[in-house]
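S.K.: First to last, the sequence lines map onto chains B and S. Residue 5 is where the first sequence starts when you use this note's numbering, and the numbers rise one by one after that. Residue 812 is where the second sequence starts when you use this note's numbering, and the numbers rise one by one after that.
Where hints are given, some of them may not hold.
Unchecked claim - Here chain B is said to cover these stretches of chain S; the calculated rule only asks that three of the stretch's residues, wherever they fall, bring their Cβ under 8 angstroms from a Cβ of chain B: (1) 861-868; (2) 878-886; (3) 940-953; (4) 956-967.
Simulated from the structure, these hints should not be mistaken for laboratory data. Every residue, glycine too, gets a C-beta built ideally from N, C-alpha and C.
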Amino acid sequence: MNPDTIKRYIRKEFSGWWMISMIGAAVVLLPVLFIFFSIFTEPNENWYQIQQYLLRNYITNSVILVGLTSLLTAFIGVTLAWLIAAYDFPLKKYFRWGLILPIAIPPYIGAYTYRTMLSYTGVVQSTLRNEFHYQVDPDFLAVSSLRGAVFIFTIFLFPYVYMITRPFLENQSTAYFENARLLGRKPLAIFLKVILPLSRPAIVGGALLTVYEVLSDYGVTSYFGIHTIATAIFQTWFGMYDVDSALKLASWLMVAVIGVFLFERLLRKGRHYHLSTKSRPLTPMKLTGIKAGIATLYCSIIFLLGFLIPVVQLISWSILTFESIWNDSFFTLMTQTLYVATLSTIIILVIVVVVANVCRSQSAFSYTLSKIITSGYSIPGAIIAIGVLALFITLDNWLAPVYSSMGLGKAPLILSMSIAMLIFGNVIRFMATGYNAVEVGYEKMGLKFTEASRTLGLGKTRTFFKVDLPLIKGALFSGFVLTFVEICKELPLALLLRPFNFETLATKTFQYAKDERIHEASISSLLIIAISILSVIVFQMIERREKQ
Amino acid sequence: MNILQIENITFSFSKKTKPVINDFSLSINSGEIVGVLGSSGSGKSTLLRLIAGLEMPTTGSINIAGRPVFSEKVFIQPENRGVGMVFQDYALFPHLTVKDNILFGLSKLTKSERITRLREMLELVQLEGFEKRYPHELSGGQQQRVALARALAPKPKLLLMDEPFSNLDADLKEVIREDLGIILKKANMTCILVSHDKKDVEAICKRKIMVGKSL
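When you get a sec, could you build the whole thing from the sequences and use the hints?
M.R.: Rendered as structure tokens:
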């Protein structure tokens, strides 16, 4: 291309919308670049110590947790999805959406609930002891272990696999399933030979989400005393105030995340199935007798363990502590959480509405832009937090002369002590949630209305306000709810980036649990669960609307 | 007077694929109604999108009413080209009434001018009394006429119509074709009409050109 045609191309595409998009991408990339470059910095003494004595243990634990959890969530998620999609049995209608509910319980809340329930004084052991005079082997019920952490992650994260696989099986597997039956295969053989391979992309996609959750977890592992790379990041920062070593650990975790990402790419390579998109929904087969009983039992056990038991336990604790907790300081807690989540969500939506609009014209540039903007979701909260922390401290150092000229003291930490840091971190981490929702909205409306408006003499911006915005309102709403909920739940990011003495529902809950004030943690836990159920409802609404 | 002057334009969707439009030239005078015929995938809709500025050719030049809108150094945005377009599925804004759809492109006029223009347009397409309806409350033929009124309202120098009859029932088609011919003449519009159906073009257009492989 010669310079003139490049100029002409820029004249066609360039506008304020591009500028804002570029700034958005820079915002996301900056902290990640900070982490990336820390790989090349000179390590300090702490780091040698970590590397020599601890790193191997951290990595082993992380790998075990990720490996076992992803296998188990895939197994439970897929078997449940297949049962619900292909069969009819008692209570199925309720399990169909009830099995999504465990996702509403953040694993760290599940972790302390189960540990307390199963402890010596907890409801399980004391009932067995007092009513049945039976003393359980304490090791058997020891949840504070790798085994326990795998259980907690699996039981609360399997809905990721279930949620993605079930609609896929319900809507796209019919032709293959019916053909296989006509060819004389039994249902189990069909499941193993046809359904499983076909739904692999959905299963891997769901399992990948659980991997990201486990890698970024701080709540469960630190509560159970399991050392992983993510908990180590916290220790080096809170224990030693050593940002450089924390950055180095974060870069290691980053390598792990990129490794997982590439591994998944490798798995997918050369396996592009073209599935018929226009397909009748699967007609479920009726199960009877013992088979129906087993199906109902399996779903019931998972539902009880993953939702009902912990929630009932939390409710009973909250009744005990309601009066001492439900007061002014709790309302402050709620307003602070609302404030941070709302502000972060609004900033996210403004950025993603602009970027997703720019990305509607398909080009290599817009593809890259959308990938950058959404990259935060696959980066563990702890990494983003450390990147943001390092960035803000650097900014404060740069701005020190400005501060002192304003009479604020010699080298104060203004930005890195402010709420801006937490909001900045939230924006990066949860940009993808908002982006995906808004992108769906743009995709559904297509380009024709926008183009019609352009030929009627309205520019990009006026077209956006008069045509695009009113038509993506629904998508914007679901984007708001989904993003808002994620931010309310997020623990590691909030713990690392909140200003001194600033608590959110998530951090306060975790603080109570850490201080062994489990009963006091129950009300805020229930509130977080209730907020999370909101997003489950929105997901359901979206699914139903798509069916119509 | 020459309204549209296209010289040697080439367009392809990506660098790897063969150009859909290759070294294409066309000249249209004021008041002409030109039919563009071609099979699907022959690039006839793309031609309209290039003229409207929704896509950009790789080479060549386009002049509209004597003003260059595309050349080696120039690219004029679609909103500044003074071209009206009726989309294949009409693309009526679903959140706006018939009235607001027609008024959409008239924001530069004063309020009273806008209302006069709205009245003229409704009369032209014979939809008086339908102002308050939403697009989904109209029949296919009515939707088409709203789309036409909306495109004509800002007085474009050139009107582009992309398969205007493809969404209509066969028995309606003939009547609507006739009506359209009358409306276009009344408005003294210069127009390019794209279709895959010879009969459409023969009924309305004085001049027809073929694009694509069938050439």
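S.K.: Taking the hints in turn, state whether each one holds.
M.R.: A quick look at each hint next to the structure:
As drawn, the region 861-868 of chain S meets chain B at 4 residues by the rule of a beta-carbon pair under 8 angstroms; at three or more, the given contact holds. Three residues within the 8 angstroms Cβ limit are the bar, and the region 878-886 of chain S against chain B gives 4, so the coverage statement holds. By the rule of at least three residues with a Cβ nearer than 8 angstroms to a Cβ of chain B, the coverage given for the region 940-953 of chain S is violated, with 0 such residues. With 3 residues having a beta carbon nearer than 8 angstroms to a beta carbon of chain B, the region 956-967 of chain S meets the requirement of three or more and the stated coverage holds.
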